[in-house]
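**Student:** What follows is each chain in one-letter form.
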Amino acid sequence: MSRLFPMPYHSLMLFTVWILLNGFAAGNLLLAVFFAIGIPVLVAPLCPKEPVANQPLKVIIYFLRLLVDIVKSNFDVALRILQSNRTLKPGMIAYHLELQGDLPLTILSSTISLTPGTLSADFSKNKSILYVHVLHLDDEQAIIDNIKNRYELPLKEIFKC
Amino acid sequence: MLEIICSILLIIGGIFILLGSYSMVKLPDFYTRLHGPTKASTLGVGSVIIAAIVFSASNGGVSLKELIILLFLFITAPVAAHMLAKAALHIQVKQRKDSVNDKLFEQAKQQKDRQE
Amino acid sequence: MKLFLLCFLPIIGVIVPILAKGFGRSQIAFFTALLPSVSLALLFSEMFAVFDGAVISHQIAWVSSLGLNLSLRLDGLAFLFATLILGIGLLVILYARYYLSERDNMSRFYSYLILFMAAMLGVVLSGNLIQMWFFWEMTSISSFLLISFWNHKSEARKGARLALTVTGFGGLCLLAGVILIGETVGSYELDVVLNAGDLIRTSSYYPQILILVLLGAFTKSAQFPFHFWLPHAMAAPTPVSAYLHSATMVKAGVFLLARLYPALSGTDMWFVLVTTTGLMTLLYGAYTAVFQHDLKGLLAYSTISHLGLITLLFGLNRDMAAVAAVFHIINHATFKASLFMGAGIIDHESGSRDMRKLNGLYRYMPITATLAMVAAAAMAGVPLLNGFLSKEMFFAEVLEQRTIGAISWLIPVLATVGAALSVAYSLRFIHDVFFNGEPRDLPKTPHEPPRYMRVPVEVLVAICLLVGAFPAFTIGALLNSAGQATINNAVPEFSLAIWHGFNIPLLMSFIAIVGGVLIYMSRKHLFRFQASFQTINASEIFDKVIHQIQCGAQKVIGWIDNGSYQRSAFILAAFALLMLAIPISKISEPLERLAHTNVEIPVIVGCILLILGSIATVLVSHQRIIALAMLSLVGLVVSIAFNYYSAPDLALTQVLVEVVAVILLLLTLYFFPQTTPSSTTGPAGFARDILLASTIGAVIGTVCLLMLTYHSESVSQFYIDNAKTGGGGTNVVNVILVDFRGFDTMGEILVLGIAALGIYKLIARMRLSIRTRDAQGRLWSEDKHPMILSVVSQSLLPLALLISAYIFLRGHNLPGGGFIAGLITAVAMILQYFAHGVSWVIARNKIVYQSLIVSGLMIALLTGMAPLFWGYPFLTTWFDYFTLPVIGKFELTSALVFDLGVYLTVVGSTMLILSNLGKLTTNQRLKVKER
Amino acid sequence: MEIWFSVAVGVATACGVFLMLRAHTFTLVLGLTLLSYAVNLFLFASGGLTTDSAAILGDKAINSDPLPQALVLTAIVIGFAMTAFACIQAMRARSESGHDHVDGKEQRDISTKTETP
Amino acid sequence: MLALSLQFAMVCIFVSLLLNAWRLIIGPETTDRILAVDTMYVNSVALIILFGIYTQSDVYFEAAALIALLGFISTAAFCKFLLRGDIIE
Amino acid sequence: MLLDHLAILPIITPMLLGIVLLFARLHENMNSQRVIAICGQAIGLLIAIVLLRTVIMQGPIVYQLGNWQQPYGIALYVDQVSALLVLLTSLVAFCAQIYSCAGDDKQGIFFHPLMMFQVAGICGAFLTADIFNLFVFFEILLMASYSLMIHGGGKNRVLANSHYLFLNLLGSSIFLIALGTIYAAFGTLSYADLLLKAQNIEGTQLLLAQAGIFLLFVVFALKSAMLPLHLWLAKTYSATSAPVAALFAILTKVGLYCLWRIHGVVFGSGTEPLSAPIMEWLSPLALLTIALAVVGILGSKTLRQLASYLIIASVGSLLLIIAQHNAQASAAGFYYLIHSTLAGCAMFLFAGIVVRLRPKAQDRFVSTRALPSAGLLSFIFLVMAIAMIGLPPLSGFIGKALLLKATFGSSWMMTSWALILLSSLVTLIAASRTTSHLFWKASGDAAETDKVHNLELIPLYVIAFLLLCLVVFANDVEGFTQSAAQQLHQFPLPQMLNLKGGQ
Ligand code: NA
Ligand code: NA
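Chains as they are written, first to last, in the working numbering: chain A, 1303 to 1463; chain B, 61 to 176; chain C, 8 to 938; chain D, 4 to 120; chain E, 29 to 117; chain F, 992 to 1494.
What you were told as hints is all true, and nothing was included just to trick you.
Derived SDA-like pairs (lysine to any residue); straight-line CA-CA distance at most 25 Å:
1. Lys160/C / Gly1435/F
2. Lys1462/A / Val1361/A
3. Lys1458/A / Leu131/B
4. Lys1429/A / Arg174/B
5. Lys1146/F / Ser98/D
6. Lys896/C / Lys63/D
7. Lys63/D / Pro609/C
8. Lys791/C / Ile135/B
9. Lys172/B / Met794/C
10. Lys791/C / Pro1347/A
11. Lys1374/A / Ile135/B
12. Lys791/C / Ser846/C
13. Lys551/C / Lys1292/F
14. Lys731/C / Thr890/C
15. Lys1458/A / Ile135/B
16. Lys731/C / Leu875/C
17. Lys154/B / Ala1396/A
18. Lys1360/A / Leu130/B
Some chain C residues well away from chain A (every beta-carbon gap over 10 Å; in silico):
19. Gly60
20. Ala203
21. Leu406
22. Arg535
23. Tyr879
In case anyone wonders, no lab produced these hints; they're calculated from the structure. Predicted model only: the values in this text are computed from it and were never measured. Where is the CB? At the ideal position from N, CA and C, for every residue including glycine.
Bound conformation, chain A alone:
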């Protein structure tokens, strides 16, 4: 099983992408399956085993939440930008991580970067701190809580770490 699907999520992604690209037809299905299985096997040596996220539902919820946040924060950052620079209070915060594992951390940092107004600048050496740059930093703690509750904890659940 794991030799056939070294990366199940990838296989899924590849399958869907192929179908999206070529439309839904018998020949395409066959090819999609072929690639979904073939490519991961081909690149397996280059991709170490990924931690399995075994709550698909939570994943979807997380994703939707992310989308909503993006839209929301987009608008207020937009307003922020239209005001004068003087009112702006940019700053850096050091976010102490509980989350571990490369993939989860990557997802977290990408999430942070994707939502306008915050930007994951760098990790500390042992990945215990994530330095986050904030466009408008009036309430540091609020932002930290926000990140922790909305993203980090859910990710912890998803990846069981």
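Fit chains B, C, D, E and F with the ligands to the given chain A structure using the hints.
**Tutor:** Structure of chains B, C, D, E and F with the ligands alone, referenced to chain A:
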């Protein structure tokens, strides 16, 4: 109907893309400017893409393949931003004088494991 | 046929001595002599025919377009010279046997000698002018070899080079002259040319022809002012001097005068040029000869002066004079050759040639002395010897000529002076060497030479005596036929009697002899007088001149080609601009009217971006990293432009190439200074370059505008019509690439492959220092592989592969194809390299990129070759549609296989380049086994 | 519109040529890249500029010229190969001569002294 | 209506591109310039999609997809260069 | 079956062999590489001979690649001229290949494959009848030459290569611009179609056409090292390794061939040829080239530099021939071309030997200790010098004479003759100097350590023999070049354009 949605989406997209680039010109220091493009890449391009989907729906065959672009962007854009921030910290790009937690920039550069 | 044998036996003879190497010296000499003797026999077998005035000739067509035939022609003149060449040649072979020492490589000497003999025979027997030139040059080459026979001696090397240069120059002039003659007459055959004298003399090219031919003749015959090589040719072994530089080769020049006498002579120009030259040479040679201390030097200058005499005779435009000249050729050959051999014997047996040391040798070598004295007397023109007869004829002829009117008396007077001088140096030769006290500190005590070494001298002296005593009987027939051949006409009546009664010529001879004796008496004063001039050494001057010229040339070359790339590039660009300027300057209607006027914002924006990007790249080019950023802007705009102008394939390619290029340039930049040093070109050069570049830009822009506003109907419609039906694809561009013009693509991937190999080759030997700090002196960040980048790149790889598969499969029908797919794969792979590092990838990825390239190229090539086996041309494609139950209708095409080859090659090459480049800084760095 | 395009191509060419006339290899590589962009656009333009008619057989009529596109594609590939080679050649030259001047500065007449490895 | 909004969006993007170019040229930091280029890549993705809508054809889709997928690589490479000098090690 | 595809074989055979030589196992093992390479070149030679024979027997061949009819597909066009040049290429390559096996090929990797690709490129350039395909083959041969150029490494080679590379990159860009312009003007790329369309054009089309044609002239001038674009040649050729330089002896001929074929015929026929304004420049440029070569021959400090300038001299002479623009002259030109190419090749190979035998002094004109087997070497040199100077009995003198005849009565006749003869004279001076410096004047006896390798001598013997044959069979050769020239100057349009492709 679909046309109207499409048009609205296009306008939103346009505005946000413009905002992104505008902020990149306007904002005071590199780190703040770095926030700009995220808008372009997320909501801006996002709504344009959805507009495209809606449009394709409006003349019959709905094709979702534009979503793939969105997927790609969502995967890659943060990395670019992250790398840029990292690089900026490394080459000690000056942040604005009155930035909050000024010293943290230095720590971030050295990737300190605990904050003093 | 006999003629060919006669001429070519010696040519074969060249190898005989080399084959005979193993044998003893005498045997070698014997074998060498065989073939020439046979030739001589053959020659004499034709004697009577020739004396009857017959012209034996034989031709074989050779290079028709050049008018060059193998054409031999034996008439009196040729017979005379052939006899001299073979006869004296044989004597010289015998003489050389004893002259050369054990140390000398005898067989080499002999083969050179025979080579010369063959060449000389060729010259005199040629019936075709170009063929004559052919052998003429051969004589120069062989004399070069012979003079430089002792090439460990510096003067031998110098003398050889000098002789070759002068005679070679003459030879080239002669070639030009000959071709001019041929083009004027319409044939190079001697028979034709000799009878076309009037045509030549009246042709507009006559002056050029005459000057060129005379240059050839004069240089060869050491006529003033080209005489200077001859004395230095005396560095050659004496047999050579005797053979080449008295009897034969130097005679080639006068032979040419004789040969072309009917064709060229008879004009005032001929008279002036030839006579003057001859006269000056006669006097100069004779005068200088008097003051030589070296025996051979004296003989050399006397040779010069006698050649001058002969030339002078030819110049007089009188048939009888020509005959006299021929006569003197014979006489001079005999006595001068014997004198040289005598000198050689003296040198050989006494170890010196310096007349100040050599004295009173008569007591040591009476026989040789006697022989030498007889020969010298002949040279001086003493009665009862052959020299006297021709001298008399000479006097008679100079008295006869009237061409220069009132001052005609000048020539006889000067001739007498010359004769007197020749008497003087002959006297000196005799008295100074054989009498005049005791020898002074000679290396060895002189004695008679070995018996057979003297034989050649004896033979020649005998001839001198015989001819002198019984001219009509001995030489009459030969001279007659030779003279007839020379003037191409019946010889005027002449008598070869010794005694013509008291007449002016006799008086002149008498004056000459008396004057000569007087001159010799007063030599003390003359030498003192002469010593007041410093002697000039021609070969040193020659060396200096040549050296000067070479230094000058080196300067010029160094000045033109200073090894600067910038100069070459500037010239190239300027040349291109010049070429474009010619047609562009012809544009009549103003360009505004050419331009369409509709406004498209996208285009305007794009152009603004492009212009900004380009100019910015130039402005910041000294800050290299920034320049790269600017450049990638340009690349982006270009790809968008391709998209906008409905070329999706190009857009895709451009985007990908852009990415790869940026990676490549960044990899390169790591090893380079981050900023360009202030350029070596000064402000002037800068302005110059800016001017040139902007002008080129303007012109190219104009041409572009012309193109855009002009529309020729092109072949493209064919592609659009046949893409689906003939190529089996709907993406016309791709069908063109893999089918209509698949050959281009074949070549293109080959270029890519070769580039990869070449780069591998370049990297293999590369040693570069690795920088530990950046330009601002900051240490590099410790975080080698940022975590996010690694993770994302991993998850991107499968996606990228999927996309490239997608692009590859649809390429034939929609934008895409093997090349683009290959680039996508490559870029994704590269991403792994710089996200995880080389060692990480190498540990996990076992693909050998070189074999990717090889297999790619192989697949492409074999796909191209497959149709050959069905009798179709290279790269003919095949496609068909199939239907399977589940999948439905689909197409299979050979173009896809070809495209696969493209894909593999692209992946392989790109990876080979980038990965090896990346490895440079790692311990994985490529090490090539030096075989 | 053609005038804009032409001007852009002209400027790009000028810049590329100017950089190709410099003396330092890296600058030359930059120039080469820029010049090949310009040249590709030029070659592309030889078929005329048409929007919204990609050379894909389908419902739309094709009035763009596919041939120059194919030529440009070949040109791009070859140009890429050349650029790559030029880069590495520049590096090698630098590693041999110690600096990135194209003539290797002080050394002038190459033919006089050639060492074999 | 649609055409109008389409043109509006396009104009927005053109203006953004020009703004980006402005940032690219004035800098001041190297990272600023790199950011500018990166943003232009993203914007051009949107632009190409708009072309697609405008011309009602999807032959331009791949270009957009590729830029979205691989455009960041050059940005990353630039950053890696600034961070480590040697981008493949 | 292969005989129907004879035209393509000179291109794909070396390609195939080059690729085969790259197979990992092979390119580990030097000996097998050498065997394959030499056999490959031998096969190439054979093919070239058969091709030439076929062309002579059955007239020109038009080979339509991909079975697409002219002018839509790419076609190869083989007439006696291109066949001759292919044969020359194979000959030179064969000699160089053999020579290289004496050890030069071990001084770096990929030598033999690159040689193969180089040959493929050159042959392609000679055979193709499509102007863009010509560009592609130019790039192939250039790429291969860049890579071969630095074979063996060393500072000067690499630096010389920089010069050569960047200059030619500029050249390639010019080539592309020219192609764009020409396509815009004619809307076609096939020689035949271009020739057809070039007959009656005016207005903008004329301007465009001429712009393109003139730019093309620049490209070919650069390739053939015509003054003032000669600067790269001496530098490059005298820096690189002997076998490569020897192969390069044919490289300049590519440019000349293109001028001959394209500017001389494709754009050079009709009442008022498009290339006429340029061809008027050709004579003076050619004469200047010879003049420069004369100075260079006198001023050269090394044997290889001398050889390079001799090449330039021959280029000048051939340009002069091309400028005459008539079949008679071309015939002479072809003879001279054969001779000069072979002689030049030999010169470089010989220089290679000298360089190897004199590790310190190399081929500089300074006397050192005597060379091993100096007698033999000096004899060989004498032979080549005789060929180069144009003295009998080797083919040089016929070439010289033909040159003189060909330029007889032309405008510039006197200058041409003077320069042609002068170049011979200075060659003679230089050669005699060389002989005396390199072989005669010696300080101390020869070192016993290294001696002349037979593989190095064989090519020289072969070439010397061929040069002799050129004289002995001069009439036949001349007859051939005559008909070749005839063919060159009458391009068989109908034959090419009326062929129907299979599709
Ligand atoms: Na962001
Ligand atoms: Na954010």
